Amino acid sequence: MKKFKNTYGQAYATADTEKKLLFRATLITAGKRDQIDYMGRFQDTWQFATVLGLVPDAIATAAREHLIDSNDNALSRLQTLKMA
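Position one of the sequence shown corresponds to residue 1 (the UniProt record's numbering), numbered consecutively onward.
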């Protein structure tokens, strides 16, 4: 059965190298604190979760901060510039 990536998985797959490294660094730091391999779990399971509410907070927060919000903020800034 083929697995489909959720929003976080798709955002990671299409992110540039800098964003991926920031995301990984955040998960590694949180993983050391919590003694959990968040990056490994993200790659194995959580990028395919069908319910994003089940994704651990450390992963969801890092994804929104480094993979998703930065794209939305850039788009928002671009739209604001076009309106001026």
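Note that these hints are calculated values from the structure, not bench results. Please note that a few of the clues may not be correct.
[Claimed, not checked] The list that follows gives simulated cross-link-like pairs (lysine-lysine, DSS-like), each with its CA atoms no further than 30 Å apart:
1) LYS20 - LYS5
2) LYS3 - LYS20
3) LYS19 - LYS3
4) LYS19 - LYS2
5) LYS2 - LYS20
6) LYS32 - LYS20
7) LYS3 - LYS32
8) LYS19 - LYS5
9) LYS32 - LYS19
10) LYS5 - LYS32
[What the hints assert, rightly or not] Label-pair distances were calculated between CB atoms; the ranges are:
11) ARG64 - LYS32: 14 to 24 Å
12) ARG33 - LYS2: 15 to 25 Å
13) MET1 - GLU65: 24 to 34 Å
14) THR14 - ASP44: 15 to 25 Å
15) GLU18 - THR61: 24 to 34 Å
16) ARG64 - ASP34: 28 to 38 Å
17) LYS5 - GLU65: 15 to 25 Å
18) LEU52 - ARG24: 15 to 25 Å
19) LYS20 - LEU52: 29 to 39 Å
20) ASP44 - LEU22: 14 to 24 Å
21) ARG33 - MET1: 11 to 21 Å
As the structure is a computational prediction, the values presented were derived from the model and not from experiment. No residue lacks a Cβ here, since even glycine has one placed at the ideal position from N, Cα and C.
These are the hints, each one checked on the structure:
Under the criterion of a C-alpha separation no larger than 30 Å, the hint pairing LYS20 with LYS5 is consistent with the structure, at around 16 Å. As the CA atoms of LYS3 and LYS20 are separated by approximately 21 Å, the hinted pair is consistent with the 30 Å bound. Pair hint LYS19 plus LYS3 holds up; C-alpha atoms about 24 Å apart against a cutoff of 30 Å. Distance hint between LYS19 and LYS2 is fulfilled; the C-alpha atoms sit about 26 Å from each other, no more than 30 Å.
Taking the CA atoms of LYS2 and LYS20, the gap is near 24 Å; set against the 30 Å cutoff, the hint holds. Between the alpha carbons of LYS32 and LYS20 the distance comes to roughly 18 Å, so the proposed pair stays at or under 30 Å and holds. Restraint check: the Cα-Cα separation between LYS3 and LYS32 comes to about 28 Å, which is no more than 30 Å; the hinted pair holds. Distance hint between LYS19 and LYS5 is fulfilled; the C-alpha atoms sit about 18 Å from each other, no more than 30 Å.
Restraint check: the Cα-Cα separation between LYS32 and LYS19 comes to about 20 Å, which is no more than 30 Å; the hinted pair holds. Taking the CA atoms of LYS5 and LYS32, the gap is near 26 Å; set against the 30 Å cutoff, the hint holds. At about 21 Å, the CB distance of ARG64 to LYS32 agrees with the hint of 14 to 24 Å. For the pair ARG33 and LYS2, the beta carbons lie near 34 Å from each other, so the given range of 15 to 25 Å is not met.
Checked against the hint of 24 to 34 Å, the C-beta distance between MET1 and GLU65 comes to roughly 31 Å, which is consistent with it. The given range of 15 to 25 Å is respected by THR14 and ASP44, whose C-beta atoms sit roughly 20 Å from each other. Between GLU18 and THR61 the CB atoms are about 18 Å apart, so this pair departs from the stated range of 24 to 34 Å. Distance hint check: the CB atoms of ARG64 and ASP34 are about 18 Å apart, inconsistent with the given range 28 to 38 Å.
Between LYS5 and GLU65 the beta carbons are some 19 Å apart, a value that agrees with the proposed interval 15 to 25 Å. The given range of 15 to 25 Å is respected by LEU52 and ARG24, whose C-beta atoms sit roughly 20 Å from each other. The given range of 29 to 39 Å is broken by LYS20 and LEU52, whose C-beta atoms sit roughly 19 Å from each other. Take ASP44 and LEU22: their Cβ atoms lie about 21 Å apart, and the range 14 to 24 Å holds.
Under the hint 11 to 21 Å, the C-beta atoms of ARG33 and MET1, about 34 Å apart, miss the expected range.
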